[in-house]
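Enquirer: Residue numbers (my numbering), protein chains in the order written: chain A, 87 to 430; chain B, 50 to 386.
It is possible that part of the hints are untrue.
To be verified - Under the rule of at most 20 Å between Cα atoms (straight-line distance), these lysine to aspartate or glutamate pairs were calculated in the EDC-like manner: (1) A:Lys364 / B:Glu255; (2) B:Lys316 / B:Glu91; (3) A:Lys364 / B:Glu91.
Calculated from the structure, these hints are not laboratory results.
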Amino acid sequence: MSEPEILLEVKNLKKHFPIYRGVFKRIVGYVKAVDGVSFTIRSGETVGLVGESGCGKTTVGRMVMGAYRPTSGEIWFKPPNGEPPVDLASVDSRRMKALRPHIQMVFQDPFASLNPRMTIREIIAEPLVVNKIARGKELERRVRESIEMVGLQTHHLSRYPHAFSGGQRQRISIARAMGLFPSLVVADEPTSALDVSVQAQIVNLALDIQSRFGLAYLFISHDLGLIRHFSSRVVVMYVGHVMEYAPAESLFKRPRHPYTEALLSNVPTTRPNLLGRKIILRGEPADPANPPPGCPFHTRCLYVQDICREVMPSLEEIEPEHKSACHFAGTLDLTGCDALGCVL
Amino acid sequence: MVPALVVEDLRVYFFLEQGVVRAVDGVTFSLAPGRTLGIVGESGSGKSVIGQSILRIVPPPGRIVGGKILLRVDDGDGSPQQIDVTKLHPNSRQARSIRGRQVAMIFQEPMNSFSPVHTVGSQIVEALMLHAQVRYDEARDRAVEMLRRVGIPQPEIRIDAYPHQLSGGMRQRAMIAMALVCNPKILIADEPTTALDVTIQAQILELLKSLQKEFGMAVLFISHNLGVIAEICHDVMVVYFGKVMETAPVETLFRNPIHPYTKALLKSVPGIDTPVRHHLATIEGTLPEPHANIAGCPFFGRCTVCTDGVVCSDEPYELAKVADDHFVACPQVCFIA
Numbered sequence: 087m088s089e090p091e092i093l094l095e096v097k098n099l100k101k102h103f104p105i106y107r108g109v110f111k112r113i114v115g116y117v118k119a120v121d122g123v124s125f126t127i128r129s130g131e132t133v134g135l136v137g138e139s140g141c142g143k144t145t146v147g148r149m150v151m152g153a154y155r156p157t158s159g160e161i162w163f164k165p166p167n168g169e170p171p172v173d174l175a176s177v178d179s180r181r182m183k184a185l186r187p188h189i190q191m192v193f194q195d196p197f198a199s200l201n202p203r204m205t206i207r208e209i210i211a212e213p214l215v216v217n218k219i220a221r222g223k224e225l226e227r228r229v230r231e232s233i234e235m236v237g238l239q240t241h242h243l244s245r246y247p248h249a250f251s252g253g254q255r256q257r258i259s260i261a262r263a264m265g266l267f268p269s270l271v272v273a274d275e276p277t278s279a280l281d282v283s284v285q286a287q288i289v290n291l292a293l294d295i296q297s298r299f300g301l302a303y304l305f306i307s308h309d310l311g312l313i314r315h316f317s318s319r320v321v322v323m324y325v326g327h328v329m330e331y332a333p334a335e336s337l338f339k340r341p342r343h344p345y346t347e348a349l350l351s352n353v354p355t356t357r358p359n360l361l362g363r364k365i366i367l368r369g370e371p372a373d374p375a376n377p378p379p380g381c382p383f384h385t386r387c388l389y390v391q392d393i394c395r396e397v398m399p400s401l402e403e404i405e406p407e408h409k410s411a412c413h414f415a416g417t418l419d420l421t422g423c424d425a426l427g428c429v430l
Numbered sequence: 050m051v052p053a054l055v056v057e058d059l060r061v062y063f064f065l066e067q068g069v070v071r072a073v074d075g076v077t078f079s080l081a082p083g084r085t086l087g088i089v090g091e092s093g094s095g096k097s098v099i100g101q102s103i104l105r106i107v108p109p110p111g112r113i114v115g116g117k118i119l120l121r122v123d124d125g126d127g128s129p130q131q132i133d134v135t136k137l138h139p140n141s142r143q144a145r146s147i148r149g150r151q152v153a154m155i156f157q158e159p160m161n162s163f164s165p166v167h168t169v170g171s172q173i174v175e176a177l178m179l180h181a182q183v184r185y186d187e188a189r190d191r192a193v194e195m196l197r198r199v200g201i202p203q204p205e206i207r208i209d210a211y212p213h214q215l216s217g218g219m220r221q222r223a224m225i226a227m228a229l230v231c232n233p234k235i236l237i238a239d240e241p242t243t244a245l246d247v248t249i250q251a252q253i254l255e256l257l258k259s260l261q262k263e264f265g266m267a268v269l270f271i272s273h274n275l276g277v278i279a280e281i282c283h284d285v286m287v288v289y290f291g292k293v294m295e296t297a298p299v300e301t302l303f304r305n306p307i308h309p310y311t312k313a314l315l316k317s318v319p320g321i322d323t324p325v326r327h328h329l330a331t332i333e334g335t336l337p338e339p340h341a342n343i344a345g346c347p348f349f350g351r352c353t354v355c356t357d358g359v360v361c362s363d364e365p366y367e368l369a370k371v372a373d374d375h376f377v378a379c380p381q382v383c384f385i386a
C-alpha cells in the first residue's frame, strides 16, 4: 500500500519572540518559544503535538495557521488542487489569503472563540463570505449543511452563542471550520474546557468528520490519553524542542526519551493497584528565554550524564520512523505504557 | 475512629429569580482523620458547593436550607465537642475561628486566592498571628519552615515574593503552606491540580500525600478528574445534580462500579483497553434543567440501564447499601438486589 502524500512538512521551524526593555524598547533577549521543530503530516492522518504549558506547541499551531510568521524555517503545504507545495513561512500575504481556506483552526475556549454579538448563522457563514465561496441561497445551503454535520439543528442558527453549552459551542466552532472543507484542521486543546462525557462526544464527532472528509488534524493537547486515542503519530515537545517523534503505538509502547517516560508515568491512573510506579520529576520546565546549555531537559532528567549538560542532542532515528533527541536513546531501557499500567 | 466531620442530609439551595436551584440536595458523608474522601462529578454537580458550605462561604443567593455539618472541635481544654456549622452565622466569631484553624481550603487557581498586593509571606504570617496567637518573629520563622516543608527552594528569600513572581506550581505549594500552617484538622482541596501540568500535578499530589501522613489531617478532595481521584483518595463519592450517586472505597469504585452513571463516566475517558481511533462511550443528553426538582433519580433520561424507566423517575431517591462501605442510589440496582 502506498502511503498517502505529504500534506504539510515543517522543517527546522523557529519562533523567537523579542523581549523589550527600557524607554527605547531595546531588545534585551529572545524567548525561544519554538527552536527547531520538524515533522510531517500526511493527508488524512492525525499528528498529535503534546507537551507542558510553555513548550511552544500552541506557537507551532499558530505558525502553521499563518497567524505568526516564523523567525526561520519552512512550512511546506500542499494545496489540494494539485498545485506544487508552497512554503507558508515565506509566501506573500495575497497568496496566503488564497491558501487560508484549506487550513482551519478550532480553539480551546469555546466561550472566547465565538463572537457573542453574532448569530450562529453569521458565525458559520462568515468564512464562506470572506473567502467569497458562497452567497445567497448557496450560502444558506452550505450553512445548514455544516450545522447538521456537527449534530445541531437548523433552528439553532438564529440563536446567539450564549444560548449554548460548552460542548455545543465547540460543535459550532467545528462547523465554522468545516464549512470551507479544509484539508488540514489545527485543533488546539479542543476539549480541555469540557467535561469528560462531553469531551467524548466531541472526540467522536472529530473522528466521524475525519473519516467522512479525509482531512488531516494537527491535534495539540497536553492530555496524553486523548493524544493516544486520536493520533497516528506523536510529536513530544519540551521547551521549544522536539524530544521525540514517533508513531503513536511505538511511542506509548516503548518511549525512547526520558521525558516521554516521565510524562507517561505522571498521567493519573484509575487503577489504584498500579500506583507507586511514578517518576516524580524535580523542578519545573526550563525558561525558554534562558534555556540551559545542552539538552533542555537535563535539569530534570533521571539519567543525566555529563555530555547532556554540554551538547544538545539531535533528533535521531532510533528505529524506523521513531526519532528521539537523547544521547542515550539507543541504550536506555525506558518503561512504556503497558508496564506503567497507565490508563491513558 | 471518631470522624472529624459528619455531614448529614445537607441541602444548599440557590434562590434565583428564575427559580430555586438545588445545588446540593441531601448529601450525607463522614470524614475520618488521616483519610481522604474524593468528591467527583461534572461541572454543575454541586461538588464545590459542598466544600464551600463546610466553611460557610457559599456565595449568595445560595443558602444552607437543611441538614447538619458536625465538626469535631478540640480546643485543647477538656473533651472535644461537636459544633454544627450550619447553626453558626457566617460572620460570627466562632465561624471565623473555624476557618483556617480547624478547616482550611485550597483552590484551583492560587492566583485568585492570594492577595496580589501582599507578599506570600505576609499572608501566611497574618494567618498564623490571627489563629495561633504568636508574635511576628515566631510567625515568620514558622512560615519559612512551612514553605521549606512544601518544597519551595530558598524559602527565606521566597517568603518576600509576591504571588505573581512565583510559577503556577510554586504558587500552589505556597497556598498549601498557607492552608496547613495552622495545622487544621480538615483540608478541603477544590480542584487543586486542575490548572497544573502533569509533571507538576504529580509533584503536588505526592506532596499532599506526604503532608497528610505527617499532619494526619482529613482531606476532602474535590475534582472532576477520575485519575487524580484514584491516586489520592481512600474513599470516593460520585455526585450528580446535587445528589450522591455512589460512594465506595476507591478500589471498589474503580474495579466494581455499580451505578450506571459511574460506569458511563469511567468509560468516557480513553483508557488503555479502549481501542484507539474508535468511538468513545458518551453520556447522551445533557444535565437536567437546573431549576428542576427531581424526586427520583436525576440521571433518569440519560441512563442506558433504565430505558422504560417509570420506576426510576418516580421512585424516591435513596442511597442503598450494597456492601460494607458501598452505597448506591439506583432504583434498578436496589430492586434487582
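Enquirer: Are the hints correct? Go through all of them and say.
Expert: Each hint, compared with the structure:
1. A:Lys364 / B:Glu255: Between Lys364 of chain A and Glu255 of chain B the Cα gap is close to 10 Å, so the pair holds against 20 Å.
2. B:Lys316 / B:Glu91: holds, 14 Å
3. A:Lys364 / B:Glu91: Violated, because 27 Å separates the two Cα atoms, which is more than 20 Å.
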